[in-house]
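Visitor: The lines below spell out each chain.
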Amino acid sequence: MKYLSEFRDGSIARRLADEIHRVVTRPWAIMEVCGGQTHSIMRNGIDQLLPPSIELIHGPGCPVCVTPLEMIDRALAIAAQPGVIFTSFGDMLRVPGSTRDLFRVKSEGGDVRIVYSPLDAVALARQHPDRQVVFFGIGFETTAPANAMAVHLARREGLRNFSMLVSHVLVPPAIDAIMRAPNNRVQAFLAAGHVCSVMGTWQYPSLAAQHRVPIVVTGFEPLDVLEGIRRAVRHLEAGEHVVDNAYERVVTVEGNRPAQSLLDEVFEVTDRVWRGIGTIPQSGWSLREAYRDFDAVSRFDVAGIRTSESTLCRAGDVLRGVIKPNACAAFGKACTPRTPLGATMVSSEGACAAYYNYGRFATLEAARA
Amino acid sequence: MTPPAGSHIDLERWSCPLPLSDYPAIVMGHGGGGTLSADLVDHLFRPAFANAALDTLSDSAVLARPGGRVAVSTDSFVVKPHLFPGGSIGSLAVNGTVNDLAMSGAIPRYLTAGFILEEGFSVATLAAIVGDMAAAARAAGVIVVTGDTKVVERGHGDGIYINTAGLGDVPPGVQIAPQRAAPRDVILVSGPVGDHGMAIMSVREGLEFDSAIESDCAPLNGLVQSMLAVAPDLHVLRDPTRGGLASALNEIARQAGVGMVIEEDAVPVRPAVRSACELLGLDPFFVANEGKLVAIVPPSQADACLAAMRAHPLGTASARIGLVTDRHPAMVVARTGLGANRVVTMQIGEQLPRIC
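For the protein sequence lines, the chains are A and B, in the order given.
So the first sequence is numbered by the working numbering: it starts at 1 and just counts up by one.
So the second sequence is numbered by the working numbering: it starts at 1 and just counts up by one.
Just so you know, not all the hints are guaranteed correct.
Cross-link-like lysine to aspartate or glutamate pairs, in silico, EDC-like; alpha carbons within 20 Å at most [stated by the list, open to error]:
| hint | chain 1 | residue 1 | chain 2 | residue 2 |
| --- | --- | --- | --- | --- |
| 1 | B | Lys150 | B | Asp42 |
| 2 | B | Lys80 | A | Asp111 |
| 3 | A | Lys333 | A | Asp317 |
| 4 | B | Lys80 | B | Asp158 |
| 5 | A | Lys106 | A | Glu70 |
| 6 | A | Lys106 | B | Asp158 |
FYI, nobody ran anything at the bench for these hints, they're computed from the structure.
The structure displayed is predicted, hence computed values, not measured ones.
Sequences are here, hints too, so could you generate the full structure?
Guide: Below you can see the structure in the form of structure tokens.
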């Protein structure tokens, strides 16, 4: 399979891991920013190939995990309204709001549909002129161009029955916020390759210099991730605070210019609440004035819905690498994959769910060793 | 509802000895017990399923049985779309129950068929589906001996639901049960996983990718009998339908209180299925199969069993994928392509496509 099997080769993976073992001289904490990278690490067991002195901190780059509870409650309120077709990426459906999730709304009669692209939601709006079609526009810079295109098309076609619940988040302000946190432990970043394929890498050199931290643009296949870690360790050991592109087959310095100009036309930068972390200034996108008619928050009058997070759940501390999941009092007790309190327990590669599933095995194996 | 153009189902092949009443679509009267109901039975179901037990038209079928153990199973079928590449809700309704019987080593003999039809459902599509059921029953060597039809008002059903129950004879000496999985047993799978689920996904509303993925829908009773011929002490059989291979293995591990270690790269997955799963963010280990089985076999009979599977037309791509262990009870662990370990969990609900 072109561009897949080549980047999953076990013997090359072991060579990369061997070199990491050879180069490392002391403990390092490296954060992979993107949920897709966390998935790859968990799916392939990449962390098990690393020396124990290398700690991978699973960052806040899972859009499902960081979408604020308040926004999910707004989604639930909109989806429950008669006449609405509420569309979303699949894995948002099981994320708990304060009292229920989208599956529950669906079972109670809400028309909730999984789509694979926001353009499918636009097509639904064309097919159902008598219904209000809402798309839950979440995600990082990667999903944003398609969402911008959906709103752009809806406006051009005059689709008055389409709107978007926008909760977009941006990577560079998150890296900045993590580095500024007083209890920060992160010493290097694997930047999200697909975000950079859209945005380029030009935003990162100032971050690397300001926070004296190496940032390695990294892909998602096992060899990509291992190569990203290898370069991060090399830069850490050499004391280099550079931006290094380890995903050159996809990422350029300037990124995807047409996508960036579409994003700039449709969205403007805004302060954004991150679930479990709080408000990060200038860390998200919302619709510009010219597109405000397509904002589901105003169309459905849900701005008044304000929700605070569970006081038990410490997903924010987990996402910033401040604590390990099992240091949370709710872990494995009030909070399990069947009864998740926070989004990090929802998706199987969420830091807490992964820890819950793999931890039992690791404990049993350690007991035998 | 009419079948999509290019469907494999040949509407022409179904013929009716007497014309059905003029209705091209199901009306409430088809479930009313009057002449419309009788029309359906006489001109659609009976010609398709023709056999002596059905032809008595009694309230129940009366079957002569030899002594010995009988396996019984039931399953309901609600799949959409009704017609899909490689099968239909009709072939699925027969093969699903036949396979459930086969997984206890039984030789399936008889099926019942219950239809819940929605007012307005196309009679031609119903005929095609019933034709598929009849063909699948012939292929599996079972007969449909009794049935039932109900009609629900438009909007109260999804076109057609089918329930089948089945009865089969368990040959003497066969002892197949999940609790028999024992440490050092070998885990075999009868071919590439994920075909059925991805075939359904590929034709569902909103998903358009050009692919030649066909459902693996097939009766496994013949394959099972050829396995039992060389591996009479076969411990466990399971058809990994909903929830896929991962759920089937986890269920067995829990029921037997054993662990399992799977070599991830040894599990066959068609390239087209793998690509479609990559694209959608799904894991083929969790995708449904309708013509595959997992076998857990004592080590002394494993090679013979695998050879018999590969010699059968429905098992040519069979593979040895792992071992049962007494380590980590109730836990399935996959050795990844990189040589690391991954816990293969049971999915909580439906598998959801990931955003990233």
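Visitor: Taking the hints in turn, state whether each one holds.
Guide: Comparing the hints with the structure gives:
1. Lys150/B x Asp42/B: Given pair Lys150/B, Asp42/B holds - Cα atoms ~16 Å apart, limit 20 Å.
2. Lys80/B x Asp111/A: At roughly 17 Å apart (the allowed maximum being 20 Å), Asp111/A and Lys80/B satisfy the hint.
3. Lys333/A x Asp317/A: holds, 18 Å
4. Lys80/B x Asp158/B: Roughly 8 Å between the alpha carbons, so the hint for Lys80/B and Asp158/B holds.
5. Lys106/A x Glu70/A: holds, 19 Å
6. Lys106/A x Asp158/B: Status holds; Cα separation ~17 Å.
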